[in-house]
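Asks: Sequence:
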Amino acid sequence: MIRTAKRTELIEVAQGRRPADIVIQGGTVANVYSGEFLRQNVAIYQDAIAYVGENEVAIDEHTIVIDAEGMYVSPGFIEPHAHPWVIYNPVSMTAKVLPLGTTTTVNDDLFFYLHFGVDGFRQMIEDLRALPGNFFWLVRLVSQADFSGERDWFDPQEIRKLLEMDEVVGTAEVTRWPLLYQGDPFLIDTIEAAKRARKVVDGHTAGCSYEKLNSIAASGVSACHEAITAEEALHRLRLGLWTTLRHSSLRPDFPEIIRLITEKKVSTQRITMTTDGPHPGFIEREGFVDGLVRKAVELGVPPMTALQMATINAATYLRLDDDIGGIAPGKLADIILLPDLVTFKPSLVISKGSIVARDGKLLASLPAIDWNRYVSKKPFLFAKERLEDEHLYHYPHPGPNKPVPVAYFKSNVITERKEVALPSVDGYADLSQHPGLLYAALIARNGQWVAKAILERFAVDIDGMASTYNTTTELLVIGRNPKAMAAAAKKVYEMGGGIVVVDDGKTVVEIPLPFTGMMTTDHSFDTAVRFHDELLAVLQKRGFPFHDILYTLLFLTCDFLPGLRLIPYGLYDVKRNEILLPAEKIGEKVAK
1 MIRTAKRTEL IEVAQGRRPA DIVIQGGTVA NVYSGEFLRQ NVAIYQDAIA YVGENEVAID
61 EHTIVIDAEG MYVSPGFIEP HAHPWVIYNP VSMTAKVLPL GTTTTVNDDL FFYLHFGVDG
121 FRQMIEDLRA LPGNFFWLVR LVSQADFSGE RDWFDPQEIR KLLEMDEVVG TAEVTRWPLL
181 YQGDPFLIDT IEAAKRARKV VDGHTAGCSY EKLNSIAASG VSACHEAITA EEALHRLRLG
241 LWTTLRHSSL RPDFPEIIRL ITEKKVSTQR ITMTTDGPHP GFIEREGFVD GLVRKAVELG
301 VPPMTALQMA TINAATYLRL DDDIGGIAPG KLADIILLPD LVTFKPSLVI SKGSIVARDG
361 KLLASLPAID WNRYVSKKPF LFAKERLEDE HLYHYPHPGP NKPVPVAYFK SNVITERKEV
421 ALPSVDGYAD LSQHPGLLYA ALIARNGQWV AKAILERFAV DIDGMASTYN TTTELLVIGR
481 NPKAMAAAAK KVYEMGGGIV VVDDGKTVVE IPLPFTGMMT TDHSFDTAVR FHDELLAVLQ
541 KRGFPFHDIL YTLLFLTCDF LPGLRLIPYG LYDVKRNEIL LPAEKIGEKV AK
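Using the UniProt record's numbering, the letters of the sequence shown map in sequence onto residues 1 to 592.
Check the hints yourself; a few may be wrong.
Each computed DSSO-like pair below joins lysine-lysine, with the alpha-carbon atoms no more than 30 Å apart [unchecked claim]:
hint, residue 1, residue 2
1, Lys195, Lys402
2, Lys506, Lys483
3, Lys161, Lys195
4, Lys331, Lys345
5, Lys378, Lys161
6, Lys195, Lys378
7, Lys410, Lys384
8, Lys378, Lys418
9, Lys377, Lys265
10, Lys331, Lys378
To be clear, the hints were calculated from the coordinates, so they are not data collected in a lab. Bear in mind that the values here come from a model prediction, so they are computed numbers and not experimental data.
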C-alpha cells in the first residue's frame, strides 16, 4: 500500500524528535494483537501510526490533540466481502459506512466487469483511489449465470492483469462452485496464478457437504462465508478455510452461526465477519460492520474477540495485516473512537491519518465520478417498440394434457418445481383462473432472445413489473397483464435500466438505475434507501411474502441455487441440470 509517511520520520516521532500530526490521549486502546485493553496514547504522523504507549510525544501548534478519556481506541473495521452495487454505488456506500467505522471494504467486481470489461474497470479502480478510506477489490473468474461468450469475456489473461494491481487483493467468490469441484481448468489455472501472486481466493460453497468441501479446499479456495449453521461453519474451519460469519439482509445468520464461538468454543483466529451486500434499508437500520460487532457481543461474544474478527483477523486473511487491522507503529492510521463496547458506534473516525467523520457525519470530501465513462455496452440494442409485442410475455403451452412447470418460491431465493395443469388459449398458458401465478420473461438487452417462466408465490397481484436489477442485468419482466408488463418494460428501456412497477394503468414505482442497470448514480445513500423501501412496500402490498426483494430479483436469474431459474439459455431446472423451455430467438434485427 502506498504511504506518505517515511519510516525515518515515524522513528523520529516515536522518539520525540519530530512533532506528531495527531495525538490521541487518555483513551483505552484495543490491542487486537495481544487481546488486551490498555490505557495508552497514540501518535499519528501523516498517514501512519508512529507511537503507541504511555509516554507523551512531541507536539507543536499544528498538532491536533484529541482527548479520548473514557473512550475505546479501536482499529477501523474491515468488511472483507462487500458488494457495492445493491442499488447504492461505491461512492454512496462509502459515504454511509465510513462514519460507521468501516475504514476498509473489499469489494466484488461482478457487474462493473460485466459492463466495463477490463479497461473500463481498471480506469474506475484508478479513479476511486480518491475515495476516503481503503477500497479494495476481488475479481470474478466467471459470472453467476452462464451465457454465450462468457469465457471470452472473462479472459484469464485479462484477469491476471487485474490481479497485478495493488487494489486487487484476490479472486472473488465462484458461486457456481461445482465448477471447482470438477476441477475446471479455466478456473483452476487462474486460481494458481492468484496463489503465485500471493493473492487470496474467496469462496462460495452454499449447500456443499463436508466431503465435497474437501475438493473445494483442494482447489485453492481460501475462505467461505456461506455456512448457515454452526456445524457448517465448523466444517469449513476444520478444513483450513478462513470462516466468515455472515449477518445480512438476506441471511441474518448470527443467532445460529455464532454458536460456533459461544458454545463450541473454537479458536477464533481464522474467523471473520461479513454483511455480504445487504440492501440499503438494512444498513440504514442495522449498520454495517459496526452492526456485526454489536450483534456478536449481544449474542455472547466477548468484545475483544468481536473486535479482532472485524479487524486483525480480516486483515490477516486478506494479507494486508502489515498495513491495517491493528493499532501499532508503522501501520496505517485507521482508528475509531468508541464511547462504549455495547453500541460500537464511533464518535470519531480517522482513516489514513485524516479525520474523516465525527458523530456519524462524514467530513471527508467525495470524488465526483462520471460513471458512464467506463461503460462499454449500450443499455439496449433494439427498438423500444419491440417490447409492445405481448407475445414476448406469454408462456407457450406444452400441449394437451401436459402440465406446465412452475417456479414456486419456497423462500426469498429458493424455488422448487411444481407441475400445474393450465388451460391453453391460442397456444399459450392461460393464468386468468389461477391467482398467484405470474408470467416472467427475461429479454436480452441486445434484442436477440427471450427466456420465459411462470412464477408462484413471488406475489399475488402485480399487473406488470420490469427490472434490470438481476444477476444477468438483462431485462426481467414479471406480471399477470402482458399489456402492463410491456408498459413497465418500455419505461425501464427509456431510463436505460432500473425497476418499474405498473398497476391499474399507472406507474407506481419508478427507480432509475442507469449505472449497469443495478445502481443509482446518486452519491446520496439516502436515495438508495428510499428506492429500496418504496419498492419493498409496494410489492409486499401486492402479496410479496418475503423480506428482501432485491435478492429475490437478483437470484431468480442465476444458475446455481436450487429450483427453477430463468437464465439466458431458458427455463432451467438446476437439480436436473436440464433446460425445460429453451430461450426463443426474438427474430428482429438488432437496432443500430
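Asks: Honestly, which of those hints from before does the structure not fit?
Replies: Per hint list: 1, 6, 7, 8, 9, 10 violated.
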